[in-house]
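> Generate the whole structure from the sequences, applying the supplied hints.
Number of protein chains: 2
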Amino acid sequence: MPHRIVHMLRARGAARRPVMLAIAGDSAAGKTTLTRGLVQCLGADRMTAVCVDDYHRYDRAERRDKPFTALHPDCNHIDIMEQHLQLLSMGEPILKPVYDHTTGRLVRPELVRPREFVIVEGLLPLHTRLARACFDITVYLDPPEHLRHRWKIDRDCRTRGYTPDQVRRELDRREPESAAFIRPQRRWADIVVRFAPVAERADPPGTPLSAELLLRPTIDHPELAEVLKEPGTAMHLRLRRDTDGRPVDALHVHGYVSPEESQVVKKAIWERLGPRAGDGIDRDALGRLSDGTASDPLAITQLLLLYHLLEAGDGQAA
Amino acid sequence: MPHRIVHMLRARGAARRPVMLAIAGDSAAGKTTLTRGLVQCLGADRMTAVCVDDYHRYDRAERRDKPFTALHPDCNHIDIMEQHLQLLSMGEPILKPVYDHTTGRLVRPELVRPREFVIVEGLLPLHTRLARACFDITVYLDPPEHLRHRWKIDRDCRTRGYTPDQVRRELDRREPESAAFIRPQRRWADIVVRFAPVAERADPPGTPLSAELLLRPTIDHPELAEVLKEPGTAMHLRLRRDTDGRPVDALHVHGYVSPEESQVVKKAIWERLGPRAGDGIDRDALGRLSDGTASDPLAITQLLLLYHLLEAGDGQAA
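Line by line, the protein sequences give chains A and B. With the UniProt record's numbering, letter number 40 in the first sequence gets 40, and the count goes up by one each step, no holes. With the UniProt record's numbering, letter number 217 in the second sequence gets 217, and the count goes up by one each step, no holes.
Repeated chains share a single entry, so a pair holds when one copy, or any two copies, can fit it.
In silico lysine to aspartate or glutamate, DMTMM-like type, Cα no more than 25 Å apart, as pairs:
#, residue 1, residue 2
1, LYS96, ASP79
2, LYS96, ASP54
3, LYS96, ASP74
4, LYS66, ASP79
5, LYS96, GLU62
6, LYS266, GLU311
7, LYS267, GLU230
In short, the hints are calculated from the structure, not lab data.
So, in structure tokens, the structure goes:
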């Protein structure tokens with residue numbers, strides 16, 4: 001049972017190993033946006049970001065003859081991804097493969113040395129038990145599919161030279177593998193993040209998306225019930241059952257939340273972080289969308305992840 | 001002390017781990033010729049050959065600005081080489097970097113799964129203690145420098161598009177690093193192999209080079225004193241002191257050895273191997289030079305290494 005060995009080794013050599021955060025989700029689910037703010041906030045000297053979508057077994061030309069898309073585990077060196085996650089989680093460097101999205105070719109690998117914190121984002125970081133054993137905190141990004149499709153069409157047409165119809169066809173082709181391999185990873189997340197418009201009301205144009213954060217009791221979340229006890233606000237914490245019947249806390253942050261209201265939650269988390277959130281932390285980096293606008297739901301999501309990163313780092317020193 | 005951990009882990013998980021043989025030596029010392037016959041003899045389905053000269057940190061263009069040549073450890077990802085040797089020695093696959101000698105560029109890495117036997121050849125496989133801890137058998141190829149220079153000029157002009165003057169200048173440039181990093185590895189070899197013309201007599205043209213094999217008591221060599229006890233033959237085994245004063249057995253196989261005489265030693269080793277040297281072993285693959293001619297000194301050298309590979313494989317099962 002290699003995943004147990006990893007758990008044991010990581011528990012033993014705790015003093016110096018990096019804190020590992022996984023951000024899993026389908027293509028264009030928002031992984032990069034979530035990651036970018038965290039790296040900027042903690043600083044690139046303390047944080048390493050790794051994308052595990054580079055472990056392609058075949059390049060774009062070779063995939064044309066294959067009966068699966070790039071999402072399929074058989075299309076990826078999953079065993080090498082597991083190996084590299086284990087090495088990073090022990091503080092060891094890796095020579096990471098690199099896939100060039102522009103040309104669709106596998107190119108010269110790059111050396112990655114894990115810093116104090118490592119964010120691993122990608123399509124399949126939680127696919128296997130051994131991979132999951134490497135993480136302290138696991139996140140699954142779960143936007144509504146229609147929204148994700150729109151984001152993917154926008155991005156792939158803007159930066160990867162595709163037409164909208166090409167992207168739609170690719171989404172159709174990928175759907176069975178999304179269902180089979182990507183979405184089941186939601187099950188293994190400590191936190192499930194869904195950015196979506198609020199269904200119940202028509203937000204004015206320019207309102208950021210709301211965030212719904214399912215906080216599973218698999219890790220210790222900061223105590224927020226006290227600061228969120230007033231009903232009827234733009235933020236609330238509700239005990240409910242997840243789609244599989246398991247109990248979760250659902251933290252809602254509506255897109256129309258006022259700065260004063262979101263500040264209550266932010267302040268509670270920053271206070272809990274105390275001096276750890278002092279020098280070298282760029283608080284303003286949180287909540288920035290890729291178009292430069294600000295989103296309080298995103299800021300609070302990132303702040304919660306920052307909390308867990310710093311908590312896990314502290315837990316090691318103890 | 002990571003090298004101790006490797007020793008312990010390898011001793012523990014002995015049942016399934018590959019037998020690891022290192023062949024170290026300077027550029028054009030004959031590593032590929034020695035390796036090729038062993039792979040052919042045991043078969044590519046049982047034997048994996050890995051060259052560790054692909055762990056370049058810089059490509060050819062990047063090296064132009066550097067104050068060292070490709071021989072320098074700082075010019076190579078030595079820590080990743082160590083990591084990959086550890087993984088291979090535990091039976092784990094690696095995604096090995098690939099350096100294209102034709103273009104001088106680092107390209108798409110390749111998956112290497114270790115088979116029953118792994119030969120690791122290259123410039124620096126014995127450079128660090130951790131790397132050395134990964135091997136069952138270590139060999140250093142130590143031809144006279146004037147011979148190696150001639151081989152390198154021949155090869156680099158024939159297959160890599162250089163002129164003789166360019167190769168000579170490169171050899172001069174590399175000499176301080178050969179002395180500092182390559183030749184000190186001789187110290188760590190269980191077997192030091194020197195192919196050279198016999199100095200004492202003028203061999204007729206076409207006589208293969210003689211082999212001098214220093215057999216250090218760091219591993220158990222086959223008992224050859226009995227079959228080689230007659231003096232004055234073209235083969236002999238002599239107890240002597242190495243240049244550093246340490247005792248070694250020196251096995252000489254002269255290039256003019258007769259087939260009958262060399263057969264005595266070959267037979268002794270094949271008999272000692274018994275049924276392990278049966279089905280699937282291609283005895284005729286041993287002793288072939290790259291130009292297609294045969295060399296008994298090479299054949300006996302390879303047979304001795306084959307002996308150690310199969311012995312080490314057996315030692316694991318016990």
